[in-house]
Amino acid sequence: MKIYTKKGDSGTTQLIGGTRIPKHSLRIESYGTVDELNSWIGLIRDQEINQLYRDQLIEIQDRLFTVGSNLAVDNAKSNMKLPQVSEKDVEFLEQAMDTMDAMLPEMKSFVLPGGHTTVSYCHLARCVCRRAERNVTHLNENEAIEAVVMKYLNRLSDYLFVLSRKLTQDLHAHEQPWKPRMD
4 MKIYTKKGDS GTTQLIGGTR IPKHSLRIES YGTVDELNSW IGLIRDQEIN QLYRDQLIEI
64 QDRLFTVGSN LAVDNAKSNM KLPQVSEKDV EFLEQAMDTM DAMLPEMKSF VLPGGHTTVS
124 YCHLARCVCR RAERNVTHLN ENEAIEAVVM KYLNRLSDYL FVLSRKLTQD LHAHEQPWKP
184 RMD
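Using our numbering, the first residue of the sequence shown is number 4, and each one after it goes up by one.
Some hints could be false.
Said to hold, decoys possible - Cross-link-like lysine-lysine pairs, in silico, DSS-like; alpha carbons within 27 angstroms at most:
{"id": "1", "residue 1": "Lys10", "residue 2": "Lys80"}
{"id": "2", "residue 1": "Lys9", "residue 2": "Lys91"}
{"id": "3", "residue 1": "Lys5", "residue 2": "Lys80"}
{"id": "4", "residue 1": "Lys10", "residue 2": "Lys26"}
{"id": "5", "residue 1": "Lys154", "residue 2": "Lys111"}
{"id": "6", "residue 1": "Lys84", "residue 2": "Lys5"}
{"id": "7", "residue 1": "Lys154", "residue 2": "Lys80"}
{"id": "8", "residue 1": "Lys154", "residue 2": "Lys91"}
{"id": "9", "residue 1": "Lys91", "residue 2": "Lys26"}
{"id": "10", "residue 1": "Lys26", "residue 2": "Lys154"}
{"id": "11", "residue 1": "Lys182", "residue 2": "Lys154"}
{"id": "12", "residue 1": "Lys84", "residue 2": "Lys182"}
{"id": "13", "residue 1": "Lys111", "residue 2": "Lys26"}
{"id": "14", "residue 1": "Lys26", "residue 2": "Lys9"}
{"id": "15", "residue 1": "Lys5", "residue 2": "Lys91"}
{"id": "16", "residue 1": "Lys10", "residue 2": "Lys91"}
Because the hints were derived from the structure by calculation, they are not lab data.
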């Protein structure tokens with residue numbers, strides 16, 4: 004099987020189900036951004052972090068492939084059985100955040116992204132996750148997207164923020180509070 008098919012040379016791509024749409028469509032932008040997010044999460048997972056967080060990130064990457072496949076399907080033309088995101092997946096993120104948050108000092112202000120390369124990767128992933136969420140909610144205005152997908156992306160960006168704070172603590176990095184200059 005060859006990786007290249009040449010079918011996309013004209014600027015279209017095929018959804019699951021056979022429908023061809025422009026590569027610049029909001030649907031493609033949505034699942035392309037989810038794919039980008041998955042790559043950033045892979046970069047975080049490649050860092051020297053606790054195995055628990057690596058395992059959580061592998062679970063998240065699996066769910067992001069599920070999100071991407073659900074965004075890439077033309078439900079009207081495909082009868083392919085795909086995995087689904089569920090409330091249990093959202094609860095997984097919430098429980099992971101609650102556990103990490105219980106070990107962190109109370110936040111008294113916004114924090115500036117940075118302090119350690121691994122922490123910065125978390126913030127980059129969080130921003131890409133927010134972009135994916137914006138794209139998917141925009142797509143939902145015209146094409147019905149499962150509400151749990153939007154909920155999952157929303158919760159995932161929160162998870163990535165909490166993970167950034169926990170890794171700041173684990174890596175003995177400095178968490179720089181934002182002190183707005185008012186002049």
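Here is how each hint holds up against the structure:
1. Restraint check for Lys10 and Lys80: satisfied, since their Cα atoms lie roughly 19 angstroms apart, inside the 27 angstroms limit.
2. For the hint pairing Lys9 with Lys91, the CA-to-CA distance comes to about 39 angstroms; that exceeds 27 angstroms, so the pair is violated.
3. Annotation: proposed proximity of Lys5 to Lys80 holds, straight-line Cα distance about 25 angstroms (limit 27 angstroms).
4. Taking the CA atoms of Lys10 and Lys26, the gap is near 12 angstroms; set against the 27 angstroms cutoff, the hint holds.
5. About 26 angstroms separates the Cα atoms of Lys154 and Lys111, which keeps this hinted pair within 27 angstroms; it holds.
6. For the hint pairing Lys84 with Lys5, the CA-to-CA distance comes to about 25 angstroms; that is within 27 angstroms, so the pair holds.
7. With a C-alpha separation of about 26 angstroms, the suggested pairing of Lys154 with Lys80 holds against the 27 angstroms cut-off.
8. Distance check on the hinted pair: Lys154 and Lys91 sit about 12 angstroms apart at the alpha-carbon level, within 27 angstroms; holds.
9. Under the criterion of a C-alpha separation no larger than 27 angstroms, the hint pairing Lys91 with Lys26 is inconsistent with the structure, at around 32 angstroms.
10. Between Lys26 and Lys154 the alpha-carbon distance is near 25 angstroms, which keeps this suggested pair within the 27 angstroms criterion.
11. Our distance criterion of 27 angstroms between C-alpha atoms is broken by Lys182 and Lys154, whose separation comes to about 31 angstroms.
12. Between Lys84 and Lys182 the alpha-carbon distance is near 50 angstroms, which puts this suggested pair outside the 27 angstroms criterion.
13. This hinted pair does not check out: Lys111 and Lys26 have alpha carbons roughly 43 angstroms apart, beyond 27 angstroms.
14. A C-alpha spacing of about 14 angstroms is found between Lys26 and Lys9, which places the hinted pair at or below 27 angstroms, so the restraint holds.
15. Simply put, Lys5 and Lys91 have alpha-carbon atoms about 37 angstroms apart, too far for the 27 angstroms limit, and the pair is violated.
16. For the hint pairing Lys10 with Lys91, the CA-to-CA distance comes to about 38 angstroms; that exceeds 27 angstroms, so the pair is violated.
Hint compliance for this structure: hints 2, 9, 11, 12, 13, 15 and 16 are not met, and every other hint is.
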